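Residue numbers (our numbering), protein chains in the order written: chain G, 1 to 116; chain Z, 117 to 228.
Be careful, since some hints might not be right.
What the hints assert, rightly or not - Derived DSSO-like pairs (lysine-lysine); straight-line CA-CA distance at most 30 Å: (1) Lys57/G x Lys44/G; (2) Lys185/Z x Lys9/G; (3) Lys57/G x Lys215/Z; (4) Lys14/G x Lys44/G; (5) Lys168/Z x Lys119/Z; (6) Lys44/G x Lys168/Z.
Said to hold, decoys possible - Over the 10 Å line for every Cβ pair with chain Z, so calculated as not near, a few chain G residues: (7) Ile15; (8) Leu43; (9) Gly95.
Worth flagging that the hints you see were computed from the coordinates, not collected in a lab.
Quick caveat, the model's predicted, so the values are computed rather than measured.
From the three backbone atoms N, C-alpha and C, an ideal C-beta is built for every residue, glycine too.
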Amino acid sequence: NAGVTQTPKFRILKIGQSMTLQCTQDMNHNYMYWYRQDPGMGLKLIYYSVGAGITDKGEVPNGYNVSRSTTEDFPLRLELAAPSQTSVYFCASSGTARSSYNSPLHFGNGTRLTVT
Amino acid sequence: DAKTTQPTSMDCAEGRAANLPCNHSTISGNEYVYWYRQIHSQGPQYIIHGLKNNETNEMASLIITEDRKSSTLILPHATLRDTAVYYCIVRPLIQGAQKLVFGQGTRLTINP
Numbered sequence: 001n002a003g004v005t006q007t008p009k010f011r012i013l014k015i016g017q018s019m020t021l022q023c024t025q026d027m028n029h030n031y032m033y034w035y036r037q038d039p040g041m042g043l044k045l046i047y048y049s050v051g052a053g054i055t056d057k058g059e060v061p062n063g064y065n066v067s068r069s070t071t072e073d074f075p076l077r078l079e080l081a082a083p084s085q086t087s088v089y090f091c092a093s094s095g096t097a098r099s100s101y102n103s104p105l106h107f108g109n110g111t112r113l114t115v116t
Numbered sequence: 117d118a119k120t121t122q123p124t125s126m127d128c129a130e131g132r133a134a135n136l137p138c139n140h141s142t143i144s145g146n147e148y149v150y151w152y153r154q155i156h157s158q159g160p161q162y163i164i165h166g167l168k169n170n171e172t173n174e175m176a177s178l179i180i181t182e183d184r185k186s187s188t189l190i191l192p193h194a195t196l197r198d199t200a201v202y203y204c205i206v207r208p209l210i211q212g213a214q215k216l217v218f219g220q221g222t223r224l225t226i227n228p
């Protein structure tokens, strides 16, 4: 199994541009998450989803949008990129319908985004 | 969720046991202690979790004090590949979405 796959690995955006960070998982997990990590800091939750069609805000949702049309995919959208969004973005998934109880998070290897 | 306190950095010699402490003095009775690690430039990786009994798996051991106000993650025979940032997280054992809160963790360096 590939686990959690994120694309692209790196991206440079100009201020005001938009882009979508892709995330897909092949573990049939119900729950998916987007975190961002600024240099030298811990991870902060942006959005999460408990299943297809259901999303909710995390700690730092401003400037981002998400959708969950399928179990496998959870894209993160930046509409008007700002320098404050320069960060490393991690997607994660956890839990199936039968094992959601305390299921650990599985993370992708991140997308490194620079906004200039 | 209860707050945790970890040392900013630690060093350990290769082949020795690495003992990473975590203080969680405000932990509640229903909160578990989780450990994740993040090897440079990669996504975090789950290591282990526990409530009050000591736990061991193929990666590490977790020792929780009797009053549950602190814990220690033990890597029994540290290798260079164990160099990483280690996160101690305290939260209830729940079904559904695991919305973990990551602090700054402990940067562990394994020296040859």
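Least C-beta distance from Ile15/G to chain Z larger than 10 Å: Correct as stated: the minimum Cβ-Cβ distance to chain Z is 25 Å, above 10 Å.
Take the C-alpha atoms of Lys57/G and Lys215/Z, compute the straight-line distance between them, and say whether it is at most 30 Å. Cα-Cα ~11 Å, so holds.
For the pair supplied as a hint, Lys57/G and Lys44/G, is the alpha-carbon distance within the 30 Å limit? holds (12 Å)
Closest CB of chain Z to the CB of Leu43/G still more than 10 Å away: With a cut-off of 10 Å, Leu43/G comes too close to chain Z, as the shortest Cβ separation is near 4 Å.
Holds or violated: Lys14/G and Lys44/G, Cα atoms, limit 30 Å. holds (23 Å)
Compare the distance between the alpha carbons of Lys168/Z and Lys119/Z with 30 Å, and conclude whether the hinted pair is satisfied. With Cα atoms ~17 Å apart, Lys168/Z and Lys119/Z stay inside 30 Å; holds.
Below or equal to 30 Å on CA atoms is what counts here, so check Lys185/Z against Lys9/G. violated (40 Å)
Take the C-alpha atoms of Lys44/G and Lys168/Z, compute the straight-line distance between them, and say whether it is at most 30 Å. Holds. Lys44/G to Lys168/Z sits at ~27 Å (cutoff 30 Å).
Test the statement that Gly95/G is away from the interface with chain Z: the closest C-beta pair must be farther apart than 10 Å. violated (7 Å)
Hints 2, 8, 9, counting from the list given before, are not met by this structure.
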